[in-house]
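Work the whole structure out from these sequences, hints included.
Each step along the sequence shown adds one to the number in this note's numbering, with nothing skipped, and position 137 is 137.
There may be inaccurate statements among the hints.
[Unchecked claim] For each label pair, taking beta carbons as the anchor points, the in silico distance ranges come out as:
(1) K24 - K104: 18 to 24 angstroms
(2) T139 - K78: 29 to 35 angstroms
(3) G38 - A59: 18 to 24 angstroms
(4) S35 - E176: 28 to 34 angstroms
Since the hints were made in silico from the structure, they are not lab data.
Just so it is clear, the structure is predicted and the values come from calculations on it, not from any experiment.
Glycine is no exception: its CB is placed at the ideal position from the N, C-alpha and C atoms.
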Amino acid sequence: MFKPVAVLLAALCLTLTLNAEDKKVPAVLNFKMKSLDGKDVDLSKYQGKVVLVINVASACGYTGQYQGMQGLHDKYAKDGLVVLGVPCNDFGKQEPGSEADIAKFCESKYGVKFDMLSKVAITGKEPAPLYKHLISKETNPKFGGAVKWNFTKFLIGKNGEIVGRFEPDVEPNAPELTKAIEAELAKK
Numbered sequence: 001m002f003k004p005v006a007v008l009l010a011a012l013c014l015t016l017t018l019n020a021e022d023k024k025v026p027a028v029l030n031f032k033m034k035s036l037d038g039k040d041v042d043l044s045k046y047q048g049k050v051v052l053v054i055n056v057a058s059a060c061g062y063t064g065q066y067q068g069m070q071g072l073h074d075k076y077a078k079d080g081l082v083v084l085g086v087p088c089n090d091f092g093k094q095e096p097g098s099e100a101d102i103a104k105f106c107e108s109k110y111g112v113k114f115d116m117l118s119k120v121a122i123t124g125k126e127p128a129p130l131y132k133h134l135i136s137k138e139t140n141p142k143f144g145g146a147v148k149w150n151f152t153k154f155l156i157g158k159n160g161e162i163v164g165r166f167e168p169d170v171e172p173n174a175p176e177l178t179k180a181i182e183a184e185l186a187k188k
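So, in structure tokens, the structure goes:
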């Protein structure tokens with residue numbers, strides 16, 4: 001007599017467990033950071049999207065890539081791409097300004113509308129936790145390794161896996177990058 005109730009409860013528990021697992025945040029998006037305007041940003045909000053993480057600098061030879069980054073945002077945001085700029089002053093001291101300076105530069109010079117985080121450290125003893133995850137060979141065996149310069153790009157698939165790394169000389173509109181983005185956006 002109690003057996004059907006037990007079976008029903010077991011099925012309900014299994015369903016709840018499976019649903020909880022579906023919502024589990026991928027490790028690479030399980031970080032909290034700050035936006036340029038100082039607001040908290042929980043990277044888990046990007047779960048299920050394709051995310052392109054790029055360390056940026058305002059006074060670098062590659063700074064013109066902001067234009068291509070905005071182009072990617074304009075073209076693919078509606079399809080689920082998030083372009084995420086992460087300012088860093090570790091490489092050649094090429095991002096010396098405050099968050100307000102960076103925001104003003106990005107808006108006035110490139111009309112940036114994609115998400116920008118506050119300035120972080122990538123090298124040294126205390127890299128930002130997101131970058132510690134991205135560059136570690138333990139957490140990112142295929143694409144880990146030290147970031148050597150500004151505008152290094154990490155591509156995260158919808159499933160939360162790091163699926164690509166593109167060095168600074170790869171422009172945002174380069175065929176190898178756009179092809180990788182389109183392939184990830186096409187996945188269900």
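We went through each hint and held it up to the structure:
no.: 1; hint: K24 - K104: 18 to 24 angstroms; in the structure: 38 angstroms, violated
no.: 2; hint: T139 - K78: 29 to 35 angstroms; in the structure: 31 angstroms, holds
no.: 3; hint: G38 - A59: 18 to 24 angstroms; in the structure: 22 angstroms, holds
no.: 4; hint: S35 - E176: 28 to 34 angstroms; in the structure: 29 angstroms, holds
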